[in-house]
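Participant: Model the full structure from these sequences, guided by the hints.
For the record, the sequence lines run as chains A and B. Per my numbering, the very first residue in the first sequence carries number 1297; after that it's consecutive. Per my numbering, the very first residue in the second sequence carries number 171; after that it's consecutive.
Calculated from the structure, these hints are not laboratory results. Incorrect hints may have been included.
[What the hints assert, rightly or not] Using C-beta positions, here's what the derived DEER-type ranges look like:
hint	chain 1	residue 1	chain 2	residue 2	range
1	B	229	A	1413	34 to 40 Å
2	B	211	A	1334	28 to 34 Å
3	A	1373	B	449	50 to 56 Å
4	B	642	A	1486	36 to 42 Å
5	B	198	A	1472	51 to 57 Å
6	B	229	A	1599	35 to 41 Å
7	A	1521	B	198	57 to 63 Å
8	A	1418	B	417	55 to 61 Å
9	B	522	A	1459	54 to 60 Å
10	A	1409	B	417	41 to 47 Å
11	B	320	A	1472	34 to 40 Å
12	A	1482	B	319	56 to 62 Å
13	A	1337	B	211	55 to 61 Å
14	B	320	A	1619	53 to 59 Å
[Claimed, not checked] Reference listing, derived: stretches of chain B covered by chain A, where coverage requires no fewer than 3 residues with Cβ under 8 Å from a Cβ of chain A:
hint	stretch
15	378-388
16	440-449
Note that the structure is predicted; figures quoted are calculated from it, not measured. Quick reminder that beta carbons are idealized off the backbone N, C-alpha and C, glycines included.
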Amino acid sequence: MGALISLVAVVGLGLLAAVGASAGDGLRFVLGVIVPGIAFAVFLGGIIFRVLRWARSPVPFRVPTTTGQAKSLPWIRNSELENPSGLTGVIGRMALEVLAFRSLFRNTRVELLPDKEKVNYIADKGLWAAALTFHWAMFIVVLRHFRFFIEPVPVWVEALQSVDGFFQVGLPVYYATTFLMVVGLAYLLARRFIDPKLRYISLPTDYFALYLLLGIALTGILMRHVEKVDVVQVKAAIAGWASFQPVAPVGVGLWYFVHIALVSMLLVYFPFSKLLHAPGVFLSPTRNLANSNRTRRHINPWNPEVQGHSYAEWEDEFRDKLKASGYALEKE
Amino acid sequence: MAEKSPQELIQIDLTPPPKRWMNPAVDFEARRGTWSYPAAVKNLNYLGMPNPREWSPADADWKLPENWQQIIHEGFKDLLKKYRTLEVFMDICVRCGACADKCHFFIGSGDPKNMPVLRAELLRSIYRQDFTATGKILGSLAGGRELTEEVLKEWYYYFFQCTECRRCSVYCPYGIDTAEITMMARELMNLVGLNINWIMEPVANCQRTGNHLGIQPHTYKDNVEFLCEELEDAIGVSLDPPINRKGAEVLFVIPSADYFADPGTYTFVGYLMLFKHIGLDYTLSSYASDGGNFGLFNSAENMKKLNWKIYHEAKRLGVKWILGGECGHMWRVMHQYMDTMNGPADFLEMPKSPMTGTVFHNAASTKMVHICEFTADLIRNDKLKLDPSRNDNLRVTFHDSCNPSRAMGLFEEPRYVLKNVCNNFFEMPENTIREHTFCCAGGAGLGNDENMEMRMRGGLPRGNAVAWARDHHDVNRLACICAIDRATLPPLCEYWAPGVDVSGVHELVGNALIMEGEGERVNNLRGEPLNSEQEGQDDV
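Facilitator: If you want it as structure tokens, here you go:
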């Protein structure tokens, strides 16, 4: 149900963009210039706002999740990347987490065999592989788009393109990352339908994000390989936008507007949704703090002003019993 | 013991129902055995906590304050301002489901709301509805829910069905820690008087007497003396541990269960034998008579109050540093919270082993050393006379307790000690040890009898791994470094892995120690004969 609503929402959005773009120059200006402009501003502003709000909340306690041996006695080998003792380790741990999805790599699947009274844990790297594939592919796809933003096309983009198109399949060449991004997304979507646990925990918004990304990828592919778009016109449109002299895009076809509308939606949606996991992972106190708890004092800015039951109060309360059992007392 | 047999209990379906989870309905009456009794009036009164009253979760009317929704809302707002963890963890979960089958309670019950992601969603749905733009606009489409009494009841059920073991947070790509979320939910429930007695009674006791069990100083002394006499009867070694002695070098802090109940008591005399063996200048304290701290399972404020006595007593006695015994959650508090809450301990000195000269730089600020670090250093420097063959009737495996594992990273020290004091050491399967370790399912205040079915369910993964070690390596002893483990693992093993007994690491150290002037050792610390082949099999 939630999956359907989200699908309808994404398709509806695309249709709306297509209808709007075919209605005339005015709406094309709105859809091609104003909407993405606003979306980009909301995206940037929203993320900055969120990150600042997170950063403003204190971290009262140093609570890293330790996943390896701590640094203790000199002859015990510690695991700096799993249980950092200082900043270098934390940077390493975060780098592994962000660039290689270290924690997901640990994933196992539980298998329960009631008749044999056995519980098994089976390595399950599918989610890790799909997530890593999708995220890296998308990252490279975004970088490749810089050929639309910068004129002349920078060398690093050219290099990226030639590596990405290494297999020289099709004309224009199919990029590996295009394929990988769609496959990764398809896997992430499929598991939400197939795995009953995932189906149970998935919210409409989980499908929405995936449909949106798939929609963006597919309209992109359409423009490059099927309904081939006039790249010169696209570049002109985007160059105008980048140089703050925007013009309504002409001769770029309807898919372009659908693509841009979905991207705009993604940008606007980002700071208000779970997509915040991207900046959020950097602020996760169980990962970005060193396990230096006993070596360096951590300060809690709101440390409650409470005291325990003092020794004097305790001695007063149990004085007779303490005396009777021969304890040395502070006050006789 | 749970009424169902292990064969019945293990018939678990991990497939969730097709309908959505958002409409809450917990039938407490039908689910007896899987929840804990609420806090007694006297305990909340003693602690000055809100809404003390007689009630039962099985009642329709929970006697909540009239404006309970507002109280929770305000409380939530306050916590969001105080904890970045809460704010970030509420915002960034993508529901990838990596955590779903990592929780021992989910594996053992198949109840989908025991998937960590959904446990958190119970809170997150309210957060979205009340504090986010998308939730306010889109409501349930964006995963928002109205805070109704039914939702609150669900909180009580599921947030007292989490042992704060942090296993899920190991697998989460963003490190979302359900322990943290459970703590926040419990803070919120405190505000309207929803707490359980197995937590609040120990907290109240500890505030008054210094320990969770409410043992008063005269009884403390009697217990310690009695345990020393028992040991003398068992192995002919006499001990005379100092209590509340000023000017000692080291204050030794332990969980109170160690001087109260078997098998913790054998660990207790094991520590004391070690100290006598090396001639450590130490003292026990009948005031700081519990390092354990059920405040951790209740509120940051209560945790600080109960922990406060440790440094206070160290200062009064004029010791140089603090040594801590085997206890899991106690060590989470000592390691991750104590210095922040009640430090700085600038009146203490950098801990240094008087026997080996080793300086414990890893405790430079907190000034508190874990007994396993201390003992491992002694063994490494050849300061102990050990006869590991005295543990030859034991085939030992090690249960990594949740907190020393995932909140400290204390993995090698206890293993090093064990391998030096026993000849037969075997590991359980790798997905069930170290950072992947499974909880005893009785931590965080859930180790009570009325919750026994849930404990056995949650104990399935651990119990199954122990049974594996028993079947593959003839293991008959499960060693651990946690007092809650020593209380909860014996029934768990009896249920899931019969034939395996539980002990602390320092009980086995005590067995192996060759004490000065001792005669031939014929018994272990439990008074059972050593090294007799048939005993080894029969006594378990």
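Participant: For each hint, tell me whether it holds in the structure or not.
Facilitator: To see whether the hints hold, each was checked on the structure:
With their beta carbons about 37 Å apart, residue 229/B and residue 1413/A fall inside the hinted range of 34 to 40 Å. The hinted range of 28 to 34 Å is not satisfied by residue 211/B and residue 1334/A, whose Cβ atoms lie roughly 58 Å apart. At roughly 31 Å, the beta-carbon separation of residue 1373/A and residue 449/B lies outside the given 50 to 56 Å, and the hint is violated. Distance hint check for residue 642/B and residue 1486/A: the Cβ-Cβ separation is about 38 Å, which falls inside the suggested range of 36 to 42 Å.
The supplied range of 51 to 57 Å is met by residue 198/B and residue 1472/A, whose beta-carbon atoms lie about 56 Å from each other. Judged by the Cβ atoms, the range 35 to 41 Å given for residue 229/B and residue 1599/A holds: they are separated by roughly 38 Å. Against the hinted window of 57 to 63 Å, the Cβ-Cβ separation of residue 1521/A and residue 198/B comes to about 59 Å, which satisfies the hint. Checking the proposed 55 to 61 Å range against residue 1418/A and residue 417/B shows it holds: the Cβ atoms sit about 58 Å from each other.
Taking 54 to 60 Å as the suggested C-beta distance range, the pair residue 522/B and residue 1459/A conforms, at roughly 57 Å. Take residue 1409/A and residue 417/B: their Cβ atoms lie about 60 Å apart, and the range 41 to 47 Å is violated. In this structure, residue 320/B and residue 1472/A break the distance hint of 34 to 40 Å, their C-beta atoms being roughly 51 Å apart. Separation of residue 1482/A from residue 319/B is about 42 Å and departs from the stated range, judged on CB atoms against 56 to 62 Å.
Checked against the given bound of 55 to 61 Å, the beta carbons of residue 1337/A and residue 211/B, roughly 57 Å apart, stay inside it. At roughly 55 Å, the beta carbons of residue 320/B and residue 1619/A sit within the given window of 53 to 59 Å. Restraint check on the stretch 378-388 of chain B versus chain A: 6 residues with Cβ-Cβ distances below 8 Å, three needed, restraint holds. Only residues whose beta carbon comes within less than 8 Å of a beta carbon in chain A count, and the stretch 440-449 of chain B has 0; fewer than three means the coverage is violated.
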